[in-house]
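S.K.: Read off the chains here:
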Amino acid sequence: MKQSKATAFDIALVALMVAVIEVFKFAMMGLPNIELTSFWLILFSKNFGKKVYFVVPVFVLLEGIIFGFNLWWISYLYVWPFLVFVTRILKKNDSAIIWASMSAVFGLCFGALCAIPYMFTGTDLQSGLTLAFNWWIAGIPWDIAHCAGNFVLMLLLYKPLSEVMTRLQKHGKI
Amino acid sequence: MKGKKILAVAVVAVLVIAMALAYSAYSEKATAGMKHVTIEVVMADETSSVYTVDTDGEYLIDAMNAADGLTFEGEEGPYGFAVNTVNGITANLEYGGAYWAFYIGEEYCNYGVSEQPINDGDEFRIVYTLAQ
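Residue numbers (my numbering), protein chains in the order written: chain A, 1 to 174; chain B, 1 to 132.
Hints are computed from structural coordinates only; laboratory data are not their basis.
Possibly wrong hints are sitting among the right ones.
What the hints assert, rightly or not - Which residues of chain B face chain A? A partial, calculated answer using Cβ under 7 angstroms:
(1) K5
(2) V9
(3) V14
(4) L15
(5) M19
(6) Y23
(7) Y26
(8) S27
(9) P78
(10) Y79
(11) N110
(12) Y111
(13) A131
As the list claims (entries may be wrong) - Just so you have them, the derived chain B footprint on chain A, three or more residues with Cβ under 8 angstroms:
(14) 94 to 102
(15) 130 to 143
Since the structure is predicted, the reported quantities are computational estimates derived from the model, not experimental observations.
Note that beta-carbon positions come from the ideal geometry of N, C-alpha and C, so glycine has one too.
Build out the structure end to end from the sequences listed, making use of the hints.
M.R.: As structure tokens, this is what we get:
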């Protein structure tokens, strides 16, 4: 049975992808819910295939170490893998508008997805559901900002950065 | 392909409208008129001070401003006004690993102080909290 082993190059590539995500996350922290994490994860998932499966756990762990392992962190355990999963399903698509729309919907659903752990913080199921619902509703303006940011950034950056990655792959650089 | 692109953008537009309507229907609203509210400040050593406020303000920040003896500082951030100092005690998440947590009754406030609506009889707590 053939087994594929991760090379030092693969490990360095995963570290580089996580570093790119974190650098842009910190650089854009002053902007309300405007982020490039979704953009990079979509682009990396599409171009680097299964290597991104190692990027997400490292990124999520790093976020917990930096910002603390609080309730929001639980949602990171499934929100970002979910984005990668959907991207892998749509990987053959090459339309910037389709990717921008997908990223926008992810931004819109982000609050709802992150509200799930709040369902388990109530004294009973009813109060948990109310807590999660109120938390989601309060964040809708930020979800809409997230949606707009994801749409515009993907629309502007998808083609140029996708071409750079394709060119590097053709020349065997990555 | 063109049809798929139009459909994708339409889905985004419909979802944005639906969520805006949900926010409009279910978000907490500020109410006009005089309200009687209490604000309890709980320090790191669990000592507390209670302030009773009568105000016609609509948001928590208005009640905090009207509370005699309560002082606070903060700054406008990307998510609204962020309180970092209460009664002279600064809680800094980056350097001290602590923050001021805001509660309405037993529940954590879902809005920042400048967007948190107040209603007559509300009981707020501002608690010095260590990040975990």
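S.K.: Hint validation: K5/B versus chain A, beta carbon distance must be below 7 angstroms. Holds or violated?
M.R.: holds, 5 angstroms
S.K.: Under 7 angstroms is the threshold here; is the Cβ of Y79/B close enough to any Cβ of chain A for the hint to stand?
M.R.: Cβ of Y79/B sits 6 angstroms from chain A, so the hint holds.
S.K.: Classify the hint on L15/B as holds or violated, based on whether any CB of chain A lies nearer than 7 angstroms to its CB.
M.R.: holds, 5 angstroms
S.K.: Take the shortest C-beta to C-beta distance between A131/B and chain A; is it under 7 angstroms?
M.R.: Holds, about 5 angstroms.
S.K.: At least three residues with a C-beta closer than 8 angstroms to a C-beta of chain B: is that true for the segment 94 to 102 of chain A?
M.R.: Holds: 5 residues of the segment 94 to 102 of chain A have a Cβ under 8 angstroms from chain B.
S.K.: How about V14/B: closest beta carbon in chain A under 7 angstroms, or not?
M.R.: This interface hint is violated because 10 angstroms lies over the 7 angstroms limit.
S.K.: Restraint: M19/B near chain A, CB-CB cut 7 angstroms. Satisfied or not?
M.R.: Since the shortest Cβ distance to chain A is 5 angstroms, the answer is holds.
S.K.: Next item in the hint list is P78/B. Is there a CB on chain A closer than 7 angstroms to its CB?
M.R.: holds, 4 angstroms
S.K.: Does the CB of N110/B sit less than 7 angstroms away from some CB of chain A?
M.R.: holds, 4 angstroms
S.K.: Does the interface hint hold: is S27/B within less than 7 angstroms of chain A, judged Cβ to Cβ?
M.R.: holds, 5 angstroms
S.K.: Please check whether V9/B passes as an interface residue: C-beta within 7 angstroms of a C-beta belonging to chain A.
M.R.: With a closest approach of 6 angstroms, the V9/B hint holds.
S.K.: Min Cβ distance, Y111/B to chain A: is it shorter than 7 angstroms?
M.R.: holds, 6 angstroms
The structure fails hint 3 only (numbered hints given earlier).
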